[in-house]
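Given chain A, put chain B in place with the hints provided.
If you read the sequences in order, they're chains A and B.
Heads up: the first sequence begins at 99 in this note's numbering, then just goes up one per residue.
Heads up: the second sequence begins at 200 in this note's numbering, then just goes up one per residue.
Don't take every hint at face value.
Facing chain A, according to a computed beta carbon distance under 8 Å, are these residues of chain B, among others [said to hold, decoys possible]: (1) Ala207; (2) Val208; (3) Phe210; (4) Gly212; (5) Ser214; (6) Gly215; (7) His219.
Hints are computed from structural coordinates only; laboratory data are not their basis.
Just so it is clear, CB atoms sit at the ideal spot from N, CA and C, and this is done for glycine as well.
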Amino acid sequence: MKLSQRPVPSLEMELAGSGLMLEVGGFNVRVKSSVESVVRGLPRLYADYTVLDSAESIVDFDISLNPPSQVRRWLRPQIQFLLDGFSPFKPLPREQGFALFEWGLNWCIANHSHRYLVIHAAVVERDGRAFIFPGAPGSGKSTLCAALVCRGWRLLSDEMAMVSLESGLVRPVPRPISLKNESIDIIRRFDANATFGDAVRDTAKGTVGHMKPPAASIARAAEHARGHRIVFPRYRADAACDVRRLTAGETFMRVASNTFNYHVLGRAGFDALGDLLACCAGVSLEYASFADAFEVIEALENEL
Amino acid sequence: MRAFDEDAVVFDGRSGHTHHLSDSAARILAVLQENGPATAQAVLQASAECVADEQFGRRMLDDLQHAGLIEAITPAGA
Numbered sequence: 099m100k101l102s103q104r105p106v107p108s109l110e111m112e113l114a115g116s117g118l119m120l121e122v123g124g125f126n127v128r129v130k131s132s133v134e135s136v137v138r139g140l141p142r143l144y145a146d147y148t149v150l151d152s153a154e155s156i157v158d159f160d161i162s163l164n165p166p167s168q169v170r171r172w173l174r175p176q177i178q179f180l181l182d183g184f185s186p187f188k189p190l191p192r193e194q195g196f197a198l199f200e201w202g203l204n205w206c207i208a209n210h211s212h213r214y215l216v217i218h219a220a221v222v223e224r225d226g227r228a229f230i231f232p233g234a235p236g237s238g239k240s241t242l243c244a245a246l247v248c249r250g251w252r253l254l255s256d257e258m259a260m261v262s263l264e265s266g267l268v269r270p271v272p273r274p275i276s277l278k279n280e281s282i283d284i285i286r287r288f289d290a291n292a293t294f295g296d297a298v299r300d301t302a303k304g305t306v307g308h309m310k311p312p313a314a315s316i317a318r319a320a321e322h323a324r325g326h327r328i329v330f331p332r333y334r335a336d337a338a339c340d341v342r343r344l345t346a347g348e349t350f351m352r353v354a355s356n357t358f359n360y361h362v363l364g365r366a367g368f369d370a371l372g373d374l375l376a377c378c379a380g381v382s383l384e385y386a387s388f389a390d391a392f393e394v395i396e397a398l399e400n401e402l
Numbered sequence: 200m201r202a203f204d205e206d207a208v209v210f211d212g213r214s215g216h217t218h219h220l221s222d223s224a225a226r227i228l229a230v231l232q233e234n235g236p237a238t239a240q241a242v243l244q245a246s247a248e249c250v251a252d253e254q255f256g257r258r259m260l261d262d263l264q265h266a267g268l269i270e271a272i273t274p275a276g277a
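Extracted from the complex, chain A is given alone in its bound form:
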């Protein structure tokens, strides 16, 4: 059963009680929360995900999002993220509840997936060719990823490229795309059909809004993809489109600096990244418009 088929009263009861269990990119995630932003955000942005039976499924991440104390229910209300009863982060204002769920789940996946080299990157795929977009926050990788997804590319992730240490393929974990500040309206204007959750203001990252992932990407979450090109995007208003081929060594070092667990994996991470670069050339792309970026990406897509 998909979450969209769950009646809202039943969903609220589950979230407030024993928890709602969702399959998210192959991870079984149980969520417990009575916080309004979470109760409202989940059915809107996770409508196409499969609901699992808690009694019959092994839980990978058992997450609770609730006020840290009775006092904080009323006085400057806060929300706390708990994984297996442990709090990895400081509480945040209550209205940031859904964003905290997304950030917390990112943390869970990146810190518990050491059978993969986890690169901080967006990943999209078309015709069997995956593009990996590593980038620091603010580089525009999620915005470019969202625009490509709106044009029919399959979303693997807007946050992490999970490269299997065994197969070298990228594992999809399609989730809502996190956009910040002006990027939210840019994508709204770019595709009027894009669905967004509530925009949350005054977070540490400014205003944050999440875009619903396409149902087709979620349906294909078990299909791993082969990397084709690694593109380091950088958005610069009014800049001329600038494309630069990177040497394999430079690409290696830049990707390694954008990983979550390279230092944990040691030699295995080194080998996985080396194998990835054997089929993925690196390119830096500075762009001022989606049209410029799409033209470059389509040209790269057609390269052998």
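Chain B alone, transformed into the frame defined by chain A:
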């Protein structure tokens, strides 16, 4: 070591650090990897060009000698 067409990266297993080598050093190391033993002088020349981290340079030479890729380590300046 991963040797690519133009350059290479080396994983230092003892420190866990990864180093990016310059073109000339990478070419020499690639030849060593493909063709087996060579003179230490060639490696020293390569390391002098590429390895800013002296300790890493010494360990790299040590590893190469243990792997049988160089015959002997010649003291620097010899």
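How the hints compare with the structure:
The beta carbon of Ala207 of chain B comes within 6 Å of a beta carbon in chain A, closer than 8 Å, and the hint placing it at the interface holds. For the restraint placing Val208 of chain B at the interface with chain A, the shortest Cβ-Cβ distance is roughly 5 Å, inside the 8 Å limit, so the hint holds. Because the smallest distance between the Cβ of Phe210 of chain B and any Cβ of chain A comes to about 4 Å, under 8 Å, the interface hint for this residue holds. The criterion of a C-beta within 8 Å of any C-beta in chain A is met by Gly212 of chain B, whose closest approach is roughly 6 Å, and the hint holds.
Because the closest C-beta pair between Ser214 of chain B and chain A is about 10 Å apart, greater than 8 Å, the hint is violated. Because the smallest distance between the Cβ of Gly215 of chain B and any Cβ of chain A comes to about 6 Å, under 8 Å, the interface hint for this residue holds. With 8 Å as the threshold, the beta carbon of His219 of chain B comes within range of chain A, its nearest partner Cβ sitting at about 5 Å, so the hint holds.
Hint violations for this structure: number 5 only, all remaining hints satisfied.
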